[in-house]
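Quick note on my numbering: the sequence shown kicks off at 1 and runs consecutively.
No wet-lab data here; the hints were simulated from the structure. It is possible that some hints are incorrect.
Straight line, CA to CA, 16 Å or less: simulated EDC-like cross-link-like pairs of lysine to aspartate or glutamate [claimed, not checked]:
hint	residue 1	residue 2
1	K108	E244
2	K169	D72
3	K17	E244
4	K251	E211
5	K99	D55
6	K99	E135
7	K169	E135
8	K231	E244
9	K251	E135
10	K74	E105
11	K231	E205
Between beta-carbon pairs, the in silico distance windows are [stated by the list, open to error]:
hint	residue 1	residue 2	range
12	L104	K251	19 to 27 Å
13	T247	E205	24 to 32 Å
14	L94	L213	21 to 29 Å
15	S125	P24	37 to 45 Å
16	T182	E244	39 to 47 Å
17	Q123	S226	16 to 24 Å
18	E105	P24	18 to 26 Å
All values reported here derive from a predicted model rather than from experimental measurement. Yeah, the Cβ is synthetic: ideal placement off N, Cα and C, and Gly gets one too.
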Amino acid sequence: MLRLLFLGDIIGEPGRKAVIEMVPRLRQRWGIDFVVANGENAAAGRGITGRITIDLLRAGVAVITSGDHIWDQKEVNSYIQTEPRLLRPINYPLGTPGKGSIVLETAKGKVGVINVQGRTFMQPSLENPFHHIEEEVRRMRAETHVIFVDVHAETTSEKIALGRFLDGKVSAVAGTHTHVQTADDQIFPGGTAFICDAGMCGPDESVLGREILPIIQRFVTSMPASFPVAKGGVTIHGILVDIETATGHAKAIRRVAEPHAPDPVALEERSSALGEEGPPAFHPRKAGVEVIPDG
Numbered sequence: 001m002l003r004l005l006f007l008g009d010i011i012g013e014p015g016r017k018a019v020i021e022m023v024p025r026l027r028q029r030w031g032i033d034f035v036v037a038n039g040e041n042a043a044a045g046r047g048i049t050g051r052i053t054i055d056l057l058r059a060g061v062a063v064i065t066s067g068d069h070i071w072d073q074k075e076v077n078s079y080i081q082t083e084p085r086l087l088r089p090i091n092y093p094l095g096t097p098g099k100g101s102i103v104l105e106t107a108k109g110k111v112g113v114i115n116v117q118g119r120t121f122m123q124p125s126l127e128n129p130f131h132h133i134e135e136e137v138r139r140m141r142a143e144t145h146v147i148f149v150d151v152h153a154e155t156t157s158e159k160i161a162l163g164r165f166l167d168g169k170v171s172a173v174a175g176t177h178t179h180v181q182t183a184d185d186q187i188f189p190g191g192t193a194f195i196c197d198a199g200m201c202g203p204d205e206s207v208l209g210r211e212i213l214p215i216i217q218r219f220v221t222s223m224p225a226s227f228p229v230a231k232g233g234v235t236i237h238g239i240l241v242d243i244e245t246a247t248g249h250a251k252a253i254r255r256v257a258e259p260h261a262p263d264p265v266a267l268e269e270r271s272s273a274l275g276e277e278g279p280p281a282f283h284p285r286k287a288g289v290e291v292i293p294d295g
């Protein structure tokens, strides 16, 4: 069994700091084998840099996915060609710098990761994600059945449709981009774990990770405004998935919402209830089964 942690959109310095500090501890405490994180908002809320990529990888993130903000920092155009663990959406046109997928060797076998971007209400409008991901999954399954997919998209319908399209072909499909964790974590009939949006790793007192007042003023006045990354307490959001390596089928999925605890003693006290096998309420979830409450 392989345990995979996926973390939603990392928002600016607050989100980076929380992820970098917490990932090593959570890996040890929860027995996590593989970590994927979406880093497209990690640089001041827009894009990602080479330095930030290195910091996240050193902290224990194995693969960094992205989305529509991948090119916001100019340096990434050249850097992404040198670092295959930083992905851009696979459905960019042929010749675009970087790659949209990767397969890495682990102690429990090979793990594949694919990054794809939706088209509905998204800019730029990329090529058909269904066609691209179908071809890539077919190719990747020749190497491994353990495949994780980050669907960076705006609408729930497109994310769900892609999840259903991939059911039985990949291990897990997680949506990103909207920054709000959804409560629809489940395992589809074919064995694919799914959540519409994993949420964000960013400030709690915010509007999608940004300072509250400028966002309100924008809605009230309709005038242009800058939206700085908010400050204050941070929660990292994502999912934990247990995957049977022989088949690639997900056996359990649980939403993650962990407050950043910079004090190791505080984290230890909070984590003491988790035990050695994993976090509380980490139960198999099948489509149609009622949500199992925590506690």
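**Prompt:** Going back to the hint list, which numbers does this structure go against?
**Reply:** 2, 3, 4, 5, 8, 9, 10, 13, 14, 16
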